[in-house]
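Undergrad: Sequence:
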Amino acid sequence: MAGIGCGPTPRSESSPVPLEIVDLRNEEQALLDQVYAELLQVHFPIADELDDLEDMRVNLAREPDGRFPELHMLVARNEKGPIACCYYEYYPPGNFVLVSYICVQEAFRGCGVARRFLARLEEQMGERAAGPLAAIFAETHEAGDGVMDAAQRQMALRSLSAASEGGK
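For the sequence shown, the tail end lands on 168 under the UniProt record's numbering, and the numbers increase by one without skipping.
FYI, nobody ran anything at the bench for these hints, they're computed from the structure.
Quick caveat, the model's predicted, so the values are computed rather than measured.
C-beta: ideal position from N, C-alpha, C; glycine also.
Be aware that a few hints might be false.
Unchecked claim - Listed below are the simulated SDA-like cross-link pairs for lysine to any residue, each with C-alpha atoms no more than 25 Å apart in a straight line:
1. Lys-80 with Asp-65
2. Lys-80 with Gln-29
3. Lys-80 with Ala-119
4. Lys-80 with Ala-30
5. Lys-80 with Ala-47
6. Lys-80 with Leu-31
7. Lys-80 with Asn-26
8. Lys-80 with Cys-103
9. Lys-80 with Ile-136
10. Lys-80 with Arg-62
11. Lys-80 with Pro-18
12. Lys-80 with Pro-45
13. Lys-80 with Gln-34
As the list claims (entries may be wrong) - Estimated spans, in silico, between C-beta atoms of each pair:
14. Glu-127 with Gly-94: 12 to 20 Å
15. Glu-27 with Asp-55: 28 to 36 Å
16. Gly-131 with Phe-44: 29 to 37 Å
17. Glu-49 with Glu-106: 28 to 36 Å
18. Ala-129 with Glu-38: 18 to 26 Å
19. Leu-98 with Asp-48: 28 to 36 Å
20. Glu-106 with Ile-46: 12 to 20 Å
21. Gly-126 with Asp-55: 23 to 31 Å
Assemble the whole structure, with the sequences as input and the hints as a guide.
TA: Shown next as structure tokens:
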């Protein structure tokens, strides 16, 4: 996918790449198999690191009851298919979110896709939560796991945090 022309970009909620974001909790659950195979398994290759596909399927369909977290899977796609996903859990009793998985195909990194996920997450939770979220946590790999350079990972997460706080 050469020629996309993304890379480090100024903070913004818009992406120069035309794409659509859908939440598999609410729509198009048929995409889950493709997202799991083409994105999640590719970006989370360490054994026992990735939740089971069937567990994801069951938890996406589970009605909120206050006992279990409410699972969401945001998927960014273009005309060719899924290019990124963000898997997060909302915990109503604590009014916080845990982002467990976020991945973007290499050709689309630096295009603002993760920032758009965070903006959508905050929009969804603004409609769902009983007030502003107490926190958004991100689960990260162990440093030195060989999947992603630890400094790059922390820089990416820090930039999302700053974007969420209005660029502070």
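Undergrad: Taking the numbered hints from earlier one at a time, note which ones the structure violates and give those numbers from smallest to largest.
TA: 1, 5, 9, 10, 15, 17, 18, 19
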